[in-house]
Every structure is written in structure tokens, then in C-alpha cells.
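Using the sequences plus the hints, can you model the full thing?
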Amino acid sequence: PVLRQLAVESAQQHGIAADETLYVGDMEHDIHAGRSAGLITGAALYGYSAPTLLREAGADLLFDSVDAMIAQLDRDHLLATEQRVIATVGGILVSERGKLLLVKTRKWSNKFGLPGGKIDYGETMEEAFRREIHEETGLGVTEVEWLTAQDAINHPQFREPRHFILINYIARVAGEPEPHGNYESQQIGWYSLDEALSLELNDPTRSALQLAVDHPWLQQAAEL
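For reference, each letter of the sequence shown is one residue, going 6 to 229 in the numbering used here.
A hint or two may mislead.
Calculated pairs, BS3-like style, for lysine-lysine (alpha carbon to alpha carbon, straight line, at most 27 Å) [claimed, not checked]: (1) Lys123 - Lys109; (2) Lys123 - Lys112; (3) Lys104 - Lys123; (4) Lys104 - Lys116.
Don't read these hints as lab results, they were simulated from the structure.
This one's a predicted model, so the numbers in the text were calculated from it and none came from an experiment.
Right under this line is the structure:
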């Protein structure tokens, strides 16, 4: 209750949203308290409780050192003292039946978008794409093809001013496995192209889907 009240007060006084706040602890009850307050939870595996117990508590993020936690904050540009251009990768996942995977998130004004995330230092674009897809959906991809790159500079649909370069792929997934969203996901699922285009999509996603309409993978699915 105390942590939840602090989260409410922070939101009211400073405009800090609970679901955009990381709460890190080294005991199981820290994780449960953070989740109860609606916060993103991080487990410090190097602290008081055994790592196995913290993993079982179901934290959103796991840190095996202080350096790992700082690296996560830096990767999300929370430690930046100056504005930066942020390169991200994402893409259209196509199942064997031609369904497309979309994710609804708060950070894009509660609209549906493509799974993906930021490129880590030292990663190629495709390596980052495969990693982010697995982290955000639990899925692996088979074939991967380049689709497009888009500018998103202080986009009005994103929760805060950011300058993104959105690198988009189109990729195939074996079968049509059930996806598992992460802490950012409000809703995740497979949709036909027509269903996808009828959803409330963020602008970059709608542009990417319209660009992919004539892609052979989607055309083959339409013939099934």
C-alpha cells in the first residue's frame, strides 16, 4: 500500500507514470510489492535473496550486477544528459497461415504496433531484430527480409519526445505459436491483414503494413 501510494503521488506531482517506472529490489516481496503498485519490476540477483527465488517471483527484468542495471538504463536512454538519435528494429511477423503479429502498448498511445526495440552496442541490425522479437514475444523467426526505415522525430503518438530511426523487417514464423508479451504489452495476438488494418495502429506501423501488402509472403497466404 505504501509503495502504491508513492507511485500515485509521483504521478500526481511529477507526471511520472507507474507503468513507466522501474522498481528494483533484491527480495521476493520487493517484486510482489512493485507489481502490486503497477510498476516495472527489476530483480537484483546479486543481493539478499537467492537468484532462483527472485526468478520465480517473476520480475520483469533481471540484473546480475549493478553494471547490468546501469547498462539497461543507458540502453533505454534514461541516463542521457543530451538528446540522442535512437536506432530501433522491429518488423512484421508472418505466420504460416499469413496472420500478422501486433502488440498494443501504452508508450504508443495505446495503439497497436510492431514488436521490436533498441539496438544494443555491437549488434548488427538483424541480430538486434531477432533478439528483440524473442524478448518481446517469446518467438523465433525463420526467414528475414529488409522492409524499410522510417524517421519518427518527436512523433505525437509516442509518450514523450524522442528521435527514432525505425528499421523494419518482414519475417516468417514457423506455424502460428502463441506469443507471450512482456511488461510493455497490453495486448498481443495474430491478425489477418484486413483485421490488422482495421485496428487502431500507430502511424509507422500502418505505413509499414501498407508497404508490405504486395509482399509475396502475404500474397501466398491470401491464396490459402
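How the hints compare with the structure:
1. Lys123 - Lys109: holds (17 Å)
2. Lys123 - Lys112: Judged against 27 Å, a Cα distance of about 14 Å means the pair holds.
3. Lys104 - Lys123: Within the cut-off at roughly 25 Å; holds.
4. Lys104 - Lys116: holds (18 Å)
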